[in-house]
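As you go down the protein sequences, you meet chains A and B in turn. Going left to right, the first sequence walks through residues 8 to 207 as our numbering numbers them. Going left to right, the second sequence walks through residues 8 to 207 as our numbering numbers them.
Be careful, since some hints might not be right.
All copies of an identical chain are treated as equivalent in the list; a pair is satisfied when it fits inside any one copy or across any two copies.
As the list claims (entries may be wrong) - BS3-like cross-link-like pairs, simulated, lysine-lysine; straight-line CA separation at most 25 Å:
#1 Lys-97 x Lys-24
#2 Lys-59 x Lys-97
#3 Lys-24 x Lys-104
#4 Lys-59 x Lys-24
#5 Lys-97 x Lys-131
#6 Lys-104 x Lys-166
Calculated directly from the structure, the hints in this document are not laboratory data.
There are 2 protein chains.
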Amino acid sequence: MSTYPRLLENVIFQLSKLPGVGRRSAERMAFWLLDQDAAEVRHIADDLVQLKAGLRCCRRCNHLSDQELCAVCNDSGRDQKTICVVEDPKDVLAIEKSGAYRGVYHVLLGTISPGDGRGPEQLKVQHLLDRVGQEGTQEVVLATDPDSDGEMTALYLTKQLKPLGVRVSRIGLGIPVGGSLEFADLSTLTMSLNARRTIE
Amino acid sequence: MSTYPRLLENVIFQLSKLPGVGRRSAERMAFWLLDQDAAEVRHIADDLVQLKAGLRCCRRCNHLSDQELCAVCNDSGRDQKTICVVEDPKDVLAIEKSGAYRGVYHVLLGTISPGDGRGPEQLKVQHLLDRVGQEGTQEVVLATDPDSDGEMTALYLTKQLKPLGVRVSRIGLGIPVGGSLEFADLSTLTMSLNARRTIE
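Can you build the whole structure from these sequences, using the hints too?
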């Protein structure tokens, strides 16, 4: 029944794939795009393509970066002897927003998850152990999510890290169990970082 | 303070321009895009560019089309002698969704609006008068919005069309179906009372 021209229908279909965008919002967006200059729309499209073409993982910490080293690793003002271990680049961004952490990061790119058949060898665990050996790290802050996979990963990492003689701590107070770091509010995150406890 | 890589920040900035999309939703969308294949993102980007490059106005009725004639004008099953005049291609799509109209359209691409300095010569009015003269039109349904600019446009068109000997009608204005008299505004109520029909 709909007589949307095919090109318009294509764009509405593509936009409605985006998270949180239904058919009706996608229509609004498509009509908004129609009202823009062709150059402006091309600019938006180019930036989308660039995102996938240009972004890569930081060679040192696996965080998202457009250069070989990410902005945090490149920042000489950061405490290079403290490594905060997170699951995902999104978690780095969340912690950075809080401004409560001045060390560097290590992104595992996932968690250990026997249910999904993911073991430590699928993660950047060996990479972390190598870094701790080479960089003279003093403390590793385990900031995986406090859900079952995240806890298991923290436990596994603790066992691997302890023999290297490094202090291992776990973020704690603040983040509700079963919650996700990504969606924590800033003060909860700050509290959680300040209240980190050494694992004996 | 934010350490979003520049390419990611660019995409978030572009997405947050979309209507109804704030910073937080744009971030979610950007991360979703990051998780897609590069080919998928390129596909989305291409469709956006195509929208502006490929869509044009129907030669006959000014509705959006990817061909010289739009889908409605190309449909031989439609009543070619009845023209519904609307302000905008979006209005065509809204009426088509209702399925209640089987004639063809004429899109003015705006309204007369002295406040914004828009007169009839900025609209597709002459084009409409030419069509009525050439196509043997029997009825013109004026479906401009019932606001001040739309009413003024309808009045102007009526004056221009009447001398051509064509029947001119205006869409019914009143209380929406499912609406409530109690909450209708005064001008809608007035309009609704003036537009009352005798029940046979």
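| query | Honestly, which of those hints from before does the structure not fit? | reply | 6
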